[in-house]
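These protein sequence lines map, in sequence, to chains L and H.
With this note's numbering applied, the first sequence corresponds to residues 960 to 1253, in that order.
With this note's numbering applied, the second sequence corresponds to residues 372 to 629, in that order.
Wrong hints could be hidden among the right ones.
Stated by the list, open to error - No farther apart than 27 Å at their CA atoms in a straight line, the calculated lysine-lysine pairs in the BS3-like style are these:
hint, chain 1, residue 1, chain 2, residue 2
1, L, K1082, H, K472
2, L, K1101, H, K387
3, H, K603, L, K1126
4, L, K1167, L, K1221
5, L, K1044, L, K1100
6, L, K1126, H, K428
7, L, K1185, L, K1167
8, L, K1082, H, K428
9, L, K1242, L, K1177
10, H, K428, H, K603
11, H, K609, H, K428
12, L, K1044, H, K592
13, L, K1100, H, K387
14, L, K1185, L, K1216
15, L, K1102, L, K1155
16, L, K1029, L, K1102
17, H, K387, L, K1102
18, L, K1102, L, K1126
19, H, K592, L, K1102
20, L, K1100, L, K1082
21, L, K1155, L, K1044
22, L, K1082, H, K387
To be verified - Ranges between beta-carbon positions, derived for each pair:
hint, chain 1, residue 1, chain 2, residue 2, range
23, H, L572, L, D992, 37 to 43 Å
24, L, Y1099, H, R593, 22 to 28 Å
25, L, K1102, H, L422, 44 to 50 Å
Hints in this document: simulated from the structure, not taken from any laboratory.
For clarity, every value in this text was computed on a predicted model and none was experimentally measured.
Think of the CB as a built atom: it goes at the ideal place given N, C-alpha and C, for glycine as much as any other residue.
Listed here are the chains, written in short residue letters.
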Amino acid sequence: MGDVSTKISIEHLTYKYPFAKNVSLEDITLSIDAGQSIGIIGRNGAGKSTLCYVLSGLIPRFFHGKITGKVTIDGEDVPTMPVEKLIRKVGLVLQNPFSQISGAKMTVYEEVAFGLENLGIEKDEMHERIDTVLRQFDLYKKKDENPFELSGGQLQRLAIASVLVLKPEILILDEPTSQLDPRGTTEVFETISQLKTLGITILIVEHKFEKLVEYVDKIALLHEGKLLGYDTAEHIFSTSEIETYGVGQPIYTALCKRMGLKKANGYYPVSFGETVALLNGLKGSGMDRRTYNG
Amino acid sequence: MKVLSLYVENDTFIHKLEPITKLLYALISIVITFLFPSIMVGAVFVAFSLLLAISAKVFKRMLLLLNVVLIVLLSMVIIQGLFYRQNVTPAFKLWGLTFYKEGLLYSLLLIVRVVNMIISFGVLILTTRPSDLVDNLVQKGLSPRFGYVLASVLQIIPQMLSTTSTITDAQRSRGLETEGNLFQRFSAFFALLGPLVLNSLVEARERAMAIEIRGFSVEGKRTFVRQIPETKADRWIKISLYVAFIVAVVWRIILWVM
């Protein structure tokens, strides 16, 4: 892992859910390198979750419907890849931490073991892997507790741990913080930051842009099933059209756009750090003392 | 309450037995008490099941379980004592009603059977973690899908109850009358039903997706993080139970033929 090679390749992907009037994804083409972190943004109904389901194989295995185009991971076709192989390649974490718990296990430890049991992993290896992820996600002390007794943030960490214990090379997170408080959100993003260092390819659907931009290499902008942009965060959020798609933008970008403050490369800052650096650079230039009337 | 379980944590010989051994005891003791229309046989099993409950330190909980069926047992005595078809010999009179010996004896037979059923299953339920029982059954060949349904129901039903109370609060805050006369309660129930069913369906779908991506539908050999061991004691108890069962069936057939 870590070498720069195409991990995920999507070519002219179009998908329509059964009984749906319109397509949910239309002619999507993009490629993701190994070890990259990609943010997927777009308003509700843009096709973000659908894209996650295609990449994780839930489409067409779980959701039927009409799929055309080509989706490959490491050159292998995703829709036809055997499930046990695909599970070792891709892990998916869903929005709601409560409904991701299997519900069949009485303790956190057994919950993490659920996927390993399904794959028939030997007992010794199972214990080793579970101990490692529980420590990694700071859940080891909770290992004998009932999963439903955990807080939202802990539960989402458990959901991520339960997927990562299967050692996927790609982790897809579909709005993992949408139901969490600020503390739970920070916990999840810290986890993502840890995973980046392990060289895992990460795709994350997220509306909290201020956090997102700090962790991703590129952003894919989806609108009504189409891929409108796939570039760095500063490229995506600096365009003037971004506001017309109803996705919003980081508060720092909005502020700098309003003030007309651009970075030396001509793009607007997207993160807190960049904004502070830009403002610090303006100190003494006279701009920091100007009266803003915009 | 987070889990529908009556399990009492303890460290006794009974707790350590394989769940299937306890299940087998419950089933075979029930079958034998039903095979023999004898109060004596029933009483022996009741006494033995009680002994198991005491040694597993769950006797007090067991009394609570028996309390639940007390009224049913009493009604058996009254109904059979008064109206059993073969009632001939009056036993005693109470408030002008004659209780008959045959009916009372028959009700006693029914009572020992029911009490044994409750105590023997009680020993299983009170001394076994529900997930261990299900895991044990799956390890012995029960379909993992069926095992999942059994195990998840125990946790998901309490979750649904907590969702119901959230929905009730939400509806009440918008002015829905959930208290009052029967009609008001009934119409409130329908207002809760829609969101509860939809919510449960959405959650069930998400849970199905979540377990799917953790390999639930992968065919092939499964492993278990909690492998429940079959001890020597388990093996001997099972053999004794099978022998008892075979002897009981053969004996019953001989009695029937003669």
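Going down the list of hints, with the structure as the test:
1. L:K1082 to H:K472: 61 Å, violated
2. L:K1101 to H:K387: 24 Å, holds
3. H:K603 to L:K1126: 38 Å, violated
4. L:K1167 to L:K1221: 22 Å, holds
5. L:K1044 to L:K1100: 32 Å, violated
6. L:K1126 to H:K428: Distance of about 43 Å is beyond 27 Å: violated.
7. L:K1185 to L:K1167: 21 Å, holds
8. L:K1082 to H:K428: 32 Å, violated
9. L:K1242 to L:K1177: 30 Å, violated
10. H:K428 to H:K603: Holds, because 22 Å separates the two Cα atoms, which is no more than 27 Å.
11. H:K609 to H:K428: 22 Å, holds
12. L:K1044 to H:K592: Given that 27 Å is the threshold and the Cα spacing comes to 15 Å, the pair holds.
13. L:K1100 to H:K387: Holds, at about 25 Å.
14. L:K1185 to L:K1216: Satisfied, since the Cα-Cα distance of roughly 26 Å is no more than 27 Å.
15. L:K1102 to L:K1155: Within the cut-off at roughly 25 Å; holds.
16. L:K1029 to L:K1102: Since the Cα atoms of K1029 of chain L and K1102 of chain L sit roughly 41 Å apart, the hinted pair is violated (cutoff 27 Å).
17. H:K387 to L:K1102: Given pair K387 of chain H, K1102 of chain L holds - Cα atoms ~21 Å apart, limit 27 Å.
18. L:K1102 to L:K1126: Holds, at about 19 Å.
19. H:K592 to L:K1102: 26 Å, holds
20. L:K1100 to L:K1082: 21 Å, holds
21. L:K1155 to L:K1044: 22 Å, holds
22. L:K1082 to H:K387: Answer holds: K1082 of chain L to K387 of chain H is near 21 Å, not above 27 Å.
23. H:L572 to L:D992: 37 to 43 Å: 39 Å, holds
24. L:Y1099 to H:R593: 22 to 28 Å: 25 Å, holds
25. L:K1102 to H:L422: 44 to 50 Å: 36 Å, violated
In this structure, the hints that do not hold are numbers 1, 3, 5, 6, 8, 9, 16, 25, in rising order.
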